[in-house]
Every structure is written in structure tokens, then in C-alpha cells.
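Make the full structure from the sequences, and use the hints.
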Amino acid sequence: MKLHEHQAKEVFADAGIPVPESRLVATVEEAAEAAEAVGYPAAVKAQVRVGGRGKAGGIELVDDADEARAAAEEILGMELKGLRVDEVLVEAAVDFVDELYVGVTMDRGAGEPVAMVSTRGGVDIEAVAAEEPDAIVREGVDPVFGMQPYEARKAVYEAGVDRAVAGDVASVVRTLYGLWDDDDATEIEVNPLMVTADDEVVAADAVMNVDDDALFRQPELAESAEATDGDNLEAKADEYGFDYVRLDGDVGIVGNGAGLVMTTLDLVDYYGGAPANFLDIGGGAKAERVANALEVVFADDSVEAVVFNIFGGITRGDEVARGINEALTQFDEIPTPVVVRLAGTNAEEGMEILNTDLVTVEATLESAVQRAVDYAEGET
Amino acid sequence: MKLHEHQAKEVFADAGIPVPESRLVATVEEAAEAAEAVGYPAAVKAQVRVGGRGKAGGIELVDDADEARAAAEEILGMELKGLRVDEVLVEAAVDFVDELYVGVTMDRGAGEPVAMVSTRGGVDIEAVAAEEPDAIVREGVDPVFGMQPYEARKAVYEAGVDRAVAGDVASVVRTLYGLWDDDDATEIEVNPLMVTADDEVVAADAVMNVDDDALFRQPELAESAEATDGDNLEAKADEYGFDYVRLDGDVGIVGNGAGLVMTTLDLVDYYGGAPANFLDIGGGAKAERVANALEVVFADDSVEAVVFNIFGGITRGDEVARGINEALTQFDEIPTPVVVRLAGTNAEEGMEILNTDLVTVEATLESAVQRAVDYAEGET
Amino acid sequence: MSILVDADSRVVVQGITGGEGKFHTRQMTEYGTNVVAGAVPGRGGQEVDGTPVYDTVAGAARAEDADTSVVFVPPAFAADALLEALDAPLDLVVAITEGIPQQDMATVYRKASETDTHLVGPNCPGVITPDEAKLGILPGDIFADGDVGLVSRSGTLTYQVVDSLTSRGLGQTTAVGIGGDPIIGTDFVDALELFEADPDTRAVVMCGEIGGEDEEEAARYIGERMDTPVAGFIAGRTAPPGKRMGHAGAIVSGSGTGTAESKIAALEEASAPVGDTPEEVVDRVEDFL
Amino acid sequence: MSILVDADSRVVVQGITGGEGKFHTRQMTEYGTNVVAGAVPGRGGQEVDGTPVYDTVAGAARAEDADTSVVFVPPAFAADALLEALDAPLDLVVAITEGIPQQDMATVYRKASETDTHLVGPNCPGVITPDEAKLGILPGDIFADGDVGLVSRSGTLTYQVVDSLTSRGLGQTTAVGIGGDPIIGTDFVDALELFEADPDTRAVVMCGEIGGEDEEEAARYIGERMDTPVAGFIAGRTAPPGKRMGHAGAIVSGSGTGTAESKIAALEEASAPVGDTPEEVVDRVEDFL
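Protein chains in written order, with the working numbering: chain A, 11 to 390; chain B, 11 to 390; chain C, 624 to 912; chain D, 624 to 912.
Watch out, some of these pointers could steer you wrong.
Cβ pair distances, simulated, as ranges [to be verified]: (1) E141(B) x P822(C): 35 to 45 Å; (2) G282(B) x E892(D): 25 to 35 Å; (3) G170(A) x T339(B): 51 to 61 Å; (4) E836(D) x D739(C): 23 to 33 Å; (5) P822(C) x G282(A): 26 to 36 Å; (6) F226(A) x N242(B): 55 to 65 Å; (7) V124(B) x D96(A): 55 to 65 Å; (8) E847(D) x T738(C): 22 to 32 Å.
Since the hints were made in silico from the structure, they are not lab data.
We treat Cβ as the ideally placed atom computed from N, Cα and C, and that holds for glycine.
Quick look at the structure:
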């Protein structure tokens with residue numbers, strides 16, 4: 011779960027990392043008032059949970075109330091990478107002499123967290139990582155020891171951070187590690203960490219992702235996740251407990267198991283179609299879950315056909331088929347063709363049971379996907 | 011630093027370990043009132059920082075106010091292993107069906123903490139350890155991982171603790187480990203941990219030693235240490251920053267370095283004398299420190315002679331000698347003979363400088379000790 | 624022959640008294656797995672379908688000479704259960720549990736790296752050596768004894784491929800689901816090493832997916848050290864960056880690491896053909912044998 | 624020959640800008656020790672008596688090819704300094720600091736056990752190979768080059784014994800102060816192993832004291848594995864139980880472990896004679912040579 015910038019900054023500030031003065035507002039007039047309060051120059055920043063807001067026009071610098079009003083007018087309500095901007099953070103701009111990058115993330119290969127420090131902050135750090143990997147110092151941290159003070163210092167000095175602020179920067183790095191550890195963060199970064207002319211450091215941006223699997227023990231962070239923004243379909247799928255990702259195509263996809271659903275998406279593409287979504291219905295296939303899954307997929311207006319791909323496993327194909335039949339009868343009208351393919355234990359029995367008045371049955375994954383792609387292209 | 015029972019119980023209770031209701035009192039009448047308040051039977055327990063209070067008559071069970079008064083009368087003011095009892099804890103006696111032992115201490119050889127659980131609580135656990143080591147289950151804990159829940163369970167189940175209370179006992183063990191970890195305890199134990207008929211566990215006694223070297227980061231615990239009881243000489247030596255231990259003999263000993271001072275004690279014994287104390291004056295030997303050390307040793311009425319044994323090392327013998335001369339002139343009268351032996355760098359120059367009107371000089375450790383023993387025996 | 628598990632494995636089930644644990648213990652036993660004990664704190668002395676339950680894994684291992692554990696403990700308590708199993712010690716620990724917090728797994732991974740125990744999972748379907756033993760939730764019916772080793776990050780995708788293999792007469796030595804989490808015990812390289820050392824495994828299928836760089840490392844290992852031929856499949860070619868595709872570990876990073884393209888290129892570079900469809904993977908295995 | 628340190632050791636001093644660090648760096652350099660760098664966070668780029676200072680130990684080790692560290696950092700920061708030195712990595716780390724909390728040392732000890740670095744101390748006088756190099760606060764003047772190895776938990780007691788050795792013409796290969804704390808890096812057995820492997824060490828003096836069971840373990844090692852003769856001394860015969868005698872580690876437990884009697888008996892059992900006085904220890908060494 012990605013926190014909003016303003017949420018992450020609150021967490022950082024509580025942990026003792028300096029952040030600029032700011033106000034979160036939802037209207038143009040409030041934005042102007044907030045800018046007056048924090049002083050000029052001020053930044054008006056879209057609060058959506060995506061990266062690259064600056065490039066996409068989601069951040070503007072303003073020098074007076076009129077400019078603040080204009081900026082808020084433009085940003086509030088805009089769509090950034092498919093998400094509508096409902097709030098902006100109005101923040102005092104920092105007068106800086108240097109921009110650093112500091113972060114902590116999980117090094118999957120090493121199975122341990124890694125702290126990163128670079129003097130190349132304020133730019134797309136992933137581009138720096140790709141082009142000049144040596145410009146980012148990485149210090150792996152043994153999770154059972156926790157980050158030791160010397161590790162933070164080592165990263166900071168090896169990155170070439172000015173000695174005048176090195177101690178403060180090392181302290182920010184250790185604080186980020188502490189948040190990583192205490193708050194079950196999977197990724198946490200400050201870019202840029204600004205250095206002022208009088209050798210102070212200020213977190214001008216804040217990124218924090220929290221482990222979804224750990225929200226059960228992070229009740230405060232889980233609460234801030236509930237006030238979710240963004241895609242309604244994703245919110246609905248989340249409510250039903252499905253893993254769901256919306257895409258740009260027109261072939262709706264329902265299946266069980268992440269790998270098999272991804273494979274189904276890939277096959278839609280392979281056969282010339284375009285997947286509309288990823289939806290993992292999980293284990294079993296009771297009528298209610300099937301109905302909920304189809305409700306989510308049908309609610310996407312782009313969908314022209316649905317492929318329903320279940321590998322039976324422990325749950326037998328005949329049970330799955332009965333669940334699908336029961337689910338489909340709950341719809342007054344089935345808005346797009348549904349192609350079903352069952353495999354695994356008792357798959358043949360299952361396919362015989364399926365109600366072919368409601369669905370098209372295919373025997374193989376390949377043929378099911380091809381048929382759905384054909385339907386989506388208007389061929390029947 | 012050993013906490014008083016009542017201090018340790020407060021720490022335990024704050025951490026969630028059940029303890030009996032109790033009151034700390036300093037007078038006979040308060041003791042009677044406290045007993046009325048906590049109910050009968052009640053225990054009246056001497057609050058001195060030594061083990062084995064029960065055997066030594068420092069704990070009595072009482073059944074009414076008169077008995078409480080009598081017990082307090084007897085215990086308050088008594089001497090237990092050389093320490094005067096100034097306060098008693100009056101505590102509700104626990105009606106138990108089982109007595110367990112649980113503790114956490116440092117395993118020096120392994121360099122890690124070890125948790126211990128035994129169903130043989132309520133008796134001298136060190137005797138159990140010596141006679142029936144298998145009756146105590148020891149579970150070493152990797153300090154960087156910290157104690158995991160399974161480790162506490164394993165120790166508890168392997169000790170044969172009744173399944174009805176095993177979960178609660180495991181939880182007490184983990185709490186003790188937490189205190190060990192958070193409070194820099196070096197030794198922490200509950201003996202007995204009583205099990206009641208309705209399967210509750212209660213800490214009927216509480217032992218907690220805190221690492222002296224960690225008191226700088228344990229301000230609350232350090233404060234409770236300041237209200238120290240016991241030997242006045244030890245308190246004075248502590249104030250001067252000396253490592254000092256009082257013993258039963260009549261030969262006072264001052265030296266530098268723990269190993270050399272211990273060796274000097276051993277030599278006093280070897281040559282037929284009896285050491286009166288261990289006093290490590292530490293590095294260097296400035297006049298003020300020498301004077302302070304002699305003040306502490308002279309203040310012990312048992313002392314009949316003093317041996318002053320300094321190995322020069324980095325600090326040169328002539329400087330040490332000047333310090334000793336200067337210190338001795340600060341005393342109007344030197345109450346007992348002082349034998350000085352200097353060794354190491356510039357030792358000979360040092361011995362020439364020493365004022366032989368005030369001290370006896372000996373060239374070797376052996377002869378210095380022998381001379382001091384002779385003095386103590388009245389030979390001159 | 625086989626890897627990791629066979630008919631002699633003596634299995635303790637952690638969480639045997641829970642719904643899933645109980646159900647799958649029955650399934651495992653029916654398949655022929657030698658389940659000798661359960662371990663659930665506070666439930667020692669009970670029995671589940673005749674299998675004795677112990678309070679601790681160490682107690683179960685000692686009393687029943689167990690060498691293998693399958694873990695069905697809920698996510699909040701799973702790390703403790705895994706640490707307990709690793710400490711017992713055992714030869715193999717298979718973690719079925721899905722949704723274990725990453726930090727807990729970082730601790731478990733650290734512990735596992737200090738032991739000689741094979742940890743498989745978490746968030747995996749398990750390990751099966753057809754006709755000998757299965758550990759976990761895999762549907763035993765679709766597997767058949769044979770010469771093909773299989774290692775996969777995914778459950779149902781594994782079943783899809785196995786189903787094709789079996790229906791074309793290509794049985795399996797052992798199939799290992801290594802799990803879809805970012806931090807897992809046994810990874811592709813570990814499993815490939817075991818298959819390479821197994822004289823009965825004549826070809827290996829490796830089902831990877833987006834996220835991380837395990838497939839790239841596996842490709843290096845295949846190219847440099849393996850004689851046994853490997854056919855690959857990579858799921859998630861159409862996944863957008865920054866989105867978690869069901870598995871916690873199945874995510875293409877914003878900076879573009881962990882893509883299917885990179886993994887496919889690495890495998891083909893190592894002369895491990897990658898199928899565009901599951902059927903094509905099985906075609907490649909047929910080519911090998 | 625010698626153990627642990629010689630004229631080729633390249634030494635970094637952690638805490639070189641502090642009072643003690645500065646003073647003893649001068650003493651070490653005067654003795655001939657090859658001090659190549661200091662390490663103090665925030666002091667990089669400065670010099671102390673011509674020795675360059677670096678912000679990190681890793682930086683110092685890289686720039687000056689250091690392989691050894693001596694640590695004079697105050698107790699509250701010492702564990703971090705030791706972990707940094709162990710991570711650098713170096714061959715030898717000597718911790719002079721007294722008063723490091725036990726829990727900090729438990730962490731350091733854990734880290735040290737994962738590395739190949741020799742950690743000596745803390746709360747120790749250091750290590751000296753006469754006429755080559757000294758690390759720490761030992762008074763160089765009293766030592767002389769020769770055939771006797773010395774290992775001791777105590778500082779001034781070591782000097783006392785060395786003074787006698789030297790005045791009787793018995794020089795030393797290397798003297799190692801292992802320190803008086805309950806948790807230390809190199810222990811008696813570690814040091815004895817090094818002396819046993821050193822062809823020039825023809826006899827060893829081992830100065831133990833009350834507390835712990837290191838001397839008993841050393842006695843087992845001497846009895847079972849050592850050819851080089853060992854003479855012992857044990858301080859604290861008259862120490863009462865439960866009292867810390869100066870050193871944090873010098874304490875006879877209430878249950879009676881860690882007594883001088885037990886240690887003396889163990890050594891004599893292992894045919895390592897124990898002197899009743901320091902002079903007697905030197906007599907025994909004379910008997911050996």
C-alpha cells in the first residue's frame with residue numbers, strides 16, 4: 011500500500027525528519043489561503059499515489075495567491091495515470107543548495123533491506139540507477155542486527171555527502187530504516203532530501219509503501235489505506251478480496267492462481283487480443299465468488315468478452331462447473347460472451363455440466379483464449 | 011546493581027507479570043496496617059539486596075495483626091549478611107498448588123543470554139542446578155534474533171510445566187527476556203513462580219540485577235540504585251569511583267588493576283594474614299586519588315596495616331611516588347603502618363623519592379605483603 | 624530417484640488442528656505421504672485422524688523421528704512456526720502459508736541461511752514426488768512418475784503444465800513449487816542444482832514469472848553449470864510496471880527490472896528454450912527426451 | 624615469530640582524536656608500531672601527529688591498506704565502533720575500552736563469530752610483540768623479545784609477571800591481554816591455539832582469575848591438544864562469592880562456579896603447574912626452558 015505524500019510526510023515528521031511547512035486542501039480557495047499561510051514561493055502538489063507527478067504536470071511552483079489559485083484550479087480534478095486528483099498539498103518551497111537521495115527498500119535477492127544514498131537527488135533516481143549505478147551507494151543491512159549507526163555513516167560518507175551535513179543525513183537514513191522496521195514498510199525514500207545554505211536537511215518529498223501483508227499489525231497505517239482513492243473497480247475487487255489489476259484492453263479475464271491468470275493475459279495478447287484486466291478468484295469457485303468476479307469484470311465498459319479459466323486442483327471440476335452455472339443464473343442478462351475452460355481433476359465431468367446456453371465451453375486454454383479474442387473482435 | 015525485591019516486582023508488574031498485592035513499610039505499626047490491608051496469611055519480607063533471606067530469618071508468615079507486628083519488630087533493624095534491614099515488604103501470601111522457577115541470565119561462555127525454566131521452584135535453585143542439572147531446562151537465545159515465542163514454549167514444555175498454564179508461563183519467560191533486553195539486566199528470575207488452583211501464575215519473589223556498565227542509558231533504574239543501602243565504606247568508595255569490596259581481615263590493600271589487587275589479597279592470605287578489603291585505585295596515582303583511597307581504607311576500624319602496591323606501567327614510578335608523598339602529608343596522623351611497593355617503569359627512582367618517615371618501602375610484592383602482615387600481627 | 628522428498632520422508636504437520644491443516648493432512652496421507660505427527664502448541668497429547676499431536680516441533684521430531692515439516696500456520700504466527708522448524712532441526716520445511724509479512728520472512732531467511740535445512744516457500748503449493756509422497760496442497764491426481772523435474776513460482780500454472788506433461792506421457796521425478804513471494808527459501812538455482820544432481824531427472828521445466836531476478840540468476844546457472852536440459856516459461860509478459868499481479872513477488876519495478884523480456888532473453892541466451900504457451904513448453908521437453 | 628601482530632601490521636586507531644587515543648597512538652608509534660590511520664566520524668581529512676584521519680574504518684582500510692584496529696572509543700559508542708571494524712573487514716581488532724554494556728558485547732560477539740577477524744578485548748591492555756609492535760596501553764619498556772608467550776585476563780598483573788620474566792632474562796614472543804569482561808573476543812583457548820602453532824613460542828604463561836569457566840576450558844585444551852608447556856596463575860583465591868572484584872567478569876557465582884580452586888585444580892590436572900605467587904610462575908617457566 012502506497013501512502014500519499016502528505017501521509018508519508020506526517021509519518022516522517024513524527025519520526026523526527028524535518029519536512030517543509032504544508033497544508034492539505036481540497037478546493038481552489040483553500041489552496042490560495044494555504045499558500046498565503048506557508049509563504050512564497052510555494053509548491054502546489056497533486057496528492058495521488060503515483061510516481062512522476064512533476065513530469066505529468068501535477069506539481070506547480072507559485073509566487074502569489076493568484077498563481078496558487080490557478081495552479082489548484084488546474085491540478086484539482088485532473089487525471090494522473092488514471093487517478094483523479096482530489097486533494098493538493100500546498101507546501102513552502104525550500105531554498106536549497108544540494109539535493110540528495112536517501113531510501114530503504116527490500117533487496118529480494120539478498121533477502122534483506124538495503125539503504126541507498128546518492129548526491130544525485132531531485133531527479134528520476136531510477137534513471138540514475140540505470141545509467142550511473144555507482145552514483146548510488148547501497149548498504150545492505152542484516153535485518154536481525156538492524157541498521158547500525160556505522161552503516162548509515164558509511165553509506166553517507168561513501169556517497170560523498172558533504173561532511174557538514176553527513177551526521178544529519180546519516181541520522182535521516184537510520185530513521186528511515188527505523189520506519190522500515192517498525193512500520194513494515196517495503197519501500198521508503200526521500201527524493202530530494204534538500205540541503206539548505208545553513209547546512210540543514212529537509213525532506214522535500216516522501217515516498218512510503220507499506221507491506222499489505224503486514225497491515226494486520228499496523229492498524230494506524232491500515233486506516234489511512236481505507237480512505238483509498240483511484241479506480242472504483244479496483245476498490246470493488248478489493249472489497250470482494252480479489253487480486254485485480256485493470257488494464258487497457260477488451261478481453262476480461264477471470265482465473266485462479268496468479269501465474270495461471272498472468273499466463274491467460276499473455277495468451278490473449280499472443281493471440282492478437284488485448285487483456286482488460288487481471289482477476290485472480292483464488293481457491294475454490296463457489297457460486298458467490300464467481301458471481302462477484304463476473305460483476306467486477308462486467309462493470310468494466312471496455313470489456314467485450316470474458317474468458318474464465320479455472321484449473322481444478324483439489325477443488326474438482328464438477329463442483330466448479332456447478333458454481334459457475336449457479337453464478338450465471340444470478341445475472342438477468344449476461345452482457346458479453348463468456349468462454350469457460352476447466353482443467354484438472356474431473357474437468358471433463360465439469361465441462362459436461364456447464365450450461366452452454368449461458369457460456370461457451372472450450373477444452374483447452376489456447377482455444378478458450380482464441381475464442382474470447384474472436385468474440386471481442388466481433389466475430390461469433 | 012541488584013534491585014530490591016519490591017523494586018523488581020514493580021518492574022515486573024509494569025511489564026505485565028502478575029505479582030501479589032503488597033506494601034512497602036518502614037515501621038512496625040505500618041507493617042500491621044499493611045497486613046490488615048493485604049489480608050491473611052501475609053508475608054513480612056526483609057528488603058535487603060542479598061539472597062537466602064528466608065533461611066536467614068528475614069521472611070515470616072503472619073496470620074493476624076499481632077503476628078505482623080511481632081514479625082516486623084523482629085525483622086526491621088536486623089542484620090542480614092552484614093546489611094541492616096530498614097524496610098519490609100508486607101505481601102499477601104499466595105495459595106499455590108505448584109512452584110516453578112523461571113529466569114534469564116547471561117551465558118558467559120556462549121556469549122548469549124539463556125532462559126531457564128524448572129518445575130522445581132521455591133527451593134534453592136543453585137542446589138537444584140548442582141544436584142539435578144536436568145531438572146532445569148536451559149534455552150540459549152540468539153541475542154540478535156531476540157527470544158522467539160517458540161523458544162519460550164519449548165523451554166516450558168520441555169521442563170514439563172502443566173499444559174494448562176504453559177502458555178502463561180511461556181509468556182512470563184518472554185516478558186523476562188524483554189526486560190533483560192530493554193533494561194540491560196544481567197540476571198533476572200522469579201523463584202517461585204506460583205501456580206494457583208485456578209491455573210493462574212503469580213511471581214511470589216523477584217530478582218533483577220542490572221548491568222552497572224549500562225546504567226548510563228537506564229536513568230530510571232540508576233535512580234533506584236542511588237537510594238543504596240548497606241555498607242557505608244562501600245558507598246564512600248563508590249562515590250570516589252573506586253572498585254572496593256570489604257572483607258573480614260585486618261590488612262588493608264590498595265593497588266592498581268583488578269588482577270594485581272586480587273593477587274595482593276591472595277598473597278596476604280598466603281603469608282598468613284587476612285585481607286581487609288579489595289581496593290582498585292585505577293589508572294595513574296594522583297595525590298588526590300591516593301588520599302581518597304587511604305581515607306576509605308583507614309576508615310575501616312579493623313585495619314591494622316596497609317599495603318600499597320602500584321605497578322607503574324605508562325604512569326612512571328617517580329610520578330606515583332610524588333603522588334603518594336603528597337597524599338600522605340594531608341593526613342594529620344597516619345593511623346596504621348603503610349607499606350609501599352612500586353614496580354614497573356622508573357620504579358627505583360620512585361622508591362628513592364618516597365618519604366620513609368611516613369611509609370615503609372619494600373622492593374618486591376612478596377616482601378611488601380609479608381611486611382604488612384607482620385605489622386598487622388603487631389610485629390614491627 | 625527424486626529430490627527433497629520421497630516415501631521415506633517422515634513428516635510433521637504444523638497447524639494440523641486448523642481447517643486447512645486437517646484437510647490437507649488427510650489428502651497427503653491418502654496420497655501415501657508418511658505423516659508421522661502434528662505440532663500445535665497446547666494441543667500435545669491429542670490426535671488428528673490418528674496422527675499424534677505434540678506441543679513443539681522439537682518434541683514431535685524427537686518422538687516420531689520426523690525429518691520434514693509442512694506448515695499451515697496462519698500468517699501472523701507463521702514466522703515463529705518456521706523458525707521453530709528450522710531450529711528443530713529438520714531436513715526440509717515446506718511453508719504453504721500465504722501472506723507472511725516481508726520482514727518476518729527476512730528474519731526467517733536469515734535463520735535458514737545459517738542452517739542446512741531446505742526451506743521451500745512460503746506461499747507455495749508444496750513439493751511432490753509422484754507415487755511416493757506429496758507435501759502441501761498440490762492435486763496428486765494430475766502427477767505421474769517419470770523423468771521430468773519441475774520447478775515453479777506458481778501453483779495453478781504448475782498444474783497446467785503438469786497436466787500437459789502427464790497427458791503426453793511425460794511423468795515427473797519431483798515437482799517443486801517455490802512460491803510467489805519476494806523472499807523465499809529454495810530458489811530456482813537451488814532447485815536446479817538438486818535436479819542436476821539427480822540422475823533420474825532427464826529434463827527440467829522451470830516456470831518463472833515477472834519480478835525479481837531469480838530467473839536471470841537461474842539462466843546463468845543453467846548456462847554455466849547444467850548438463851540437464853531446461854525448458855522455460857515466463858508468465859506476466861503483459862503485466863504493467865508497478866502493479867502486483869496476485870503474487871506479492873510478481874511485480875515489474877518502476878525502473879523496469881523484473882520484466883518477462885529480460886528473463887526470457889536470459890534463458891534463451893543460456894540455451895534454455897522458452898515456450899510462448901504452456902503447450903510449447905511441453906513440446907520442448909518432448910524435443911529433449 | 625609471534626602471534627596476532629608484528630612489525631608489518633598496518634594499524635588504524637579508532638578514536639584517535641580523543642585524549643586517550645591521541646596519547647596512546649603516540650606511545651604506540653614511538654614503540655615502532657606502524658600506525659597508518661585514524662578513524663573518527665566527521666574528522667576525515669584531519670591529521671593527528673601526522674597520521675591521516677578518515678571518517679570510516681572502511682575508508683581508512685581502503686586508503687591505507689590497514690589490517691588491524693585499536694579501539695579507544697568511549698563505552699556508549701564502542702559497540703558500533705567494533706561492529707564497524709569487524710565489517711571493514713580487518714584481521715585483528717583490539718578493544719581497549721572498559722565498561723561496554725554486556726548486551727552490546729553480546730551483539731559484537733555474535734558478529735565476530737561470523738567473521739574471520741580476531742577480536743581481542745574489550746577492557747584489555749592490548750597485544751604486544753616485543754621490538755616489533757604494540758597495540759594498546761601496555762608499557763613497552765618492561766617487555767623483551769624472547770620465547771615465552773603470555774596470555775592474561777588482567778593488565779597490571781600481566782606487567783608484574785612480565786617484569787619478572789624480563790628481569791630474569793626470559794623474553795616474550797607475544798603478550799596478549801584478553802580482558803577482564805564477562806564477554807570477550809579471543810579467549811584463553813583461542814590464544815593458546817595461536818601460541819601452540821607458533822614455532823618460536825617455547826613456553827606459555829596463562830594468567831587467569833575468578834569468574835566464568837574459560838580457564839577450565841583452557842585446561843582441557845592444554846591437557847588434550849598442547850605440546851608447548853604452560854604455567855598458570857589464578858588471581859582471586861580469597862575473593863568472596865557474589866562480589867565483583869574490579870573486573871566485570873571477576874566474580875564467583877553464588878552457586879560456586881568460577882572459583883580459583885576449580886581453575887587451579889583443572890590446570891594442575893592438565894599438567895600445567897600453577898604458581899602460588901607471581902614469582903613462582905616465573906620459576907615454573909624457568910623449569911620449562
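Status of each hint after checking the structure:
1. E141(B) x P822(C): 35 to 45 Å: violated, 56 Å
2. G282(B) x E892(D): 25 to 35 Å: holds, 28 Å
3. G170(A) x T339(B): 51 to 61 Å: holds, 60 Å
4. E836(D) x D739(C): 23 to 33 Å: holds, 29 Å
5. P822(C) x G282(A): 26 to 36 Å: Check failed, 44 Å falls outside 26 to 36 Å.
6. F226(A) x N242(B): 55 to 65 Å: At 57 Å between Cβs, range holds.
7. V124(B) x D96(A): 55 to 65 Å: holds, 56 Å
8. E847(D) x T738(C): 22 to 32 Å: Given range 22 to 32 Å: holds, Cβ gap about 29 Å.
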